[in-house]
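Protein chains in written order, with our numbering: chain L, 456 to 889; chain V, 7 to 312.
Since the hints were derived computationally from the structure, they do not count as laboratory data. Positions of the beta carbon are idealized from the N, C-alpha and C atoms, including for glycine. One or more hints might be untrue.
[To be verified] Chain L side only, calculated, beta carbon under 10 Å to chain V, not exhaustive:
#: 1; residue: Val545
#: 2; residue: Asp549
#: 3; residue: Arg551
#: 4; residue: Ala555
#: 5; residue: Ala581
#: 6; residue: Glu583
#: 7; residue: Pro714
#: 8; residue: Gln725
#: 9; residue: Thr827
#: 10; residue: Ser864
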Amino acid sequence: MNQLINKSAFLLLLVLFSVAFTAQAQVSIDISGGTVRGKPIAIVPFRTIDGTAPGTQIDQVIANNLKISGKFEPISANNYMSFPSRSEEVRFKDWRFIDAEALVIGEIWKLDTDLYEVQFRVFDVARELEVGQGKRIPNLRGKDLRTAAHIISDSVYQAFMNRPGAFNSRIAFIKRSEIEFQRFRYRLMVADWDGFGEQEVFASWRPLLSPAWSPDGRFLSFVSFAETGSVIRVMDTTTGQHEIVAQFKGVNSAPAWSPDGRQLAYSTSQNGSPDIYVYDVNSKQHTRISTHYGIDTEPAWSPDGRSLLFTSNRSGKPQIYSYDFARQESTRITFDGDENANASYDYNGERVALVHDGGQIAVMQERTGELTWITRNKFDESPSFSPNGDMVLYASEQDYEPALMVASSDGRVRSKLEFVQGDVREPSWSPLRQ
Amino acid sequence: MSERRKRLQGRSKLMAYIAAGIVHAIIIGAMVFNFSSKPESIEADFAEKVDVVKATTIDESEIQKKQDELKQKEREQRRQKEAERKRLQKLKDDAQKEEKRIDELKEKQKQELEKATELEQQRKEIALKKAQEEAKRKQEAEERKKQEDARKRKEAEAAKKREQERLQQEELDRIKREEQELAARREMNERLAQEEQMIRQQRAQQRATTLSSKYAALIKQRVQPKITISPDFSPTLSTRMNVKLSSSGDVRAVRIIESSGNSAYDRAVETAIYASSPLPIPSQDEDPDVNKMFQDLTLNFSIDGR
């Protein structure tokens, strides 16, 4: 009897244990990896209400924006099973079926001749809910529709990436046009971030170099050549007015705005070897920062304004150094590769875009020095981060022709800015439009 | 039987009384007869004496003779008187003797009577005593009998009680035994049921394991490609998610148990889970338990699988 009890107790214990075990043995599945890709997104062609469709196809502008960012992969409209333009028409099933995780729909209302209003909605197909807020973008002229598309793109980007998009920013670049045989016109151009709508803001028969945006996006500083040599100019893009801020003997180059917009760092060889100077916009004073006999050039401010990056060959070959204003010391920060040059920070100072080994674009983690290659080319140059740090703009070559390229900062997606044609160089990405 | 004995005893007692009576009558009768016969003889003696006195008084020469004679006679008479006195004395003595004897007899009789009475008394006493004793004995016997009876009754009762108790005990034992048997049987059944359940569970578990691994693979297959990985994610990232599903696999809720520290990766994983909804899970028809189990998933994500 006792034995029986013992035995049954044991059995009971066993049963209990196994039950507890099964209760505890929750289904646990290990899933590794994933797909290196952008988020699949469906952008339904916006329905035009009352009138013919305008020239700008908003959905395509959005798709292009999102695609170049590398964070999204637009799904071709050929695959769509439905074409909703209002939220009540959205059937998530349709979008799940084509594996879309995000959906953008909208309508273009033609209110008058050349007066439009765009409405759009964004959906998280995976979670089956609307994200962001459906927006109306009123009072649009026909030419503003691209801007509307960029606003929508930013909204989508914000909704899914949790940080602002860069689609309303601009780029500046230098375009060389051969007006006559071997006679070139150098033009400082400003365009939408995707290169659309380029406009000349300054032109010269002598080379122009190194355009740089002030933090408020209003001023551009750049290097132009005069009879005396290179000079640094600042121009107001809103008025077209410009002035020379550094015109020292020798080479004056590579201006860079401080984050607060009150100072301009640049390189000048007025004392023989190029050194870094800081120009105060208000006091118009120039302060020497580096005194090394080597070449110190291409300064770039950290986002907090406490330090400067610059390129120096003081170790023999060009490497990136960081100058700390408080300690008044320069320390080398690049050790990977023979050469590193033309560095600039992203918006939060965590990464540095630079030219590696004379022609490769790389992104370096500032803290670890770890490099991510954006390109493995030989002649790429002038990298600059998009204002949100997710893209890198640089000059490259495509089919033996100069081209402006935008890559995702992870280096996965590289896109040529198709709207930009000709001999283009020295691109620079503006801050966000304020 | 006792009644009869009682009656018999009563009868013999009566006969004893009668016998005693007869004996007494005889004795009394004898005594009375003696008394009435003796006095007659005593009166006759007295009459003779008176005559003798008158004759002696007449002649002188004679008288002398006569006196001699008379003297003789007187001597005679004296002798006779003496003799008479003697005889009387003797008679008196005898009478006294007799009286004494009678007295004695009487005494004796009395004594005898007394004795008889005493005897009777004694006998009576004895009888009484006997009766008493008998009664006592009887009483005692009765008492004993009573006691015996009581004892017997008691014993009987005790026996009965014992019997009852025994029966009760037996009944109890029987019940207990039955209960034990029942319990044992139940125990056995239970054990069997448990074993059966264990086997069932094992089978279910095996089945569940098979089902689980099958569907785990399906879930993995479905979710994995939907995780949007950015090349700039650190390969060491890993995150753990708790996923609540409906019985049909619809994703109800996703909760981060352990964040990777990279919100973009966490979000990509979360999105992949939602984008995979409904997840392929064992249907309720296939296995309700496994279906239930799959409604609460823990998914461990990592980029490089280490």
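Hint check:
no.	hint	result
1	Val545	violated, 16 Å
2	Asp549	violated, 14 Å
3	Arg551	holds, 8 Å
4	Ala555	holds, 9 Å
5	Ala581	holds, 4 Å
6	Glu583	holds, 8 Å
7	Pro714	violated, 24 Å
8	Gln725	violated, 41 Å
9	Thr827	holds, 6 Å
10	Ser864	holds, 7 Å
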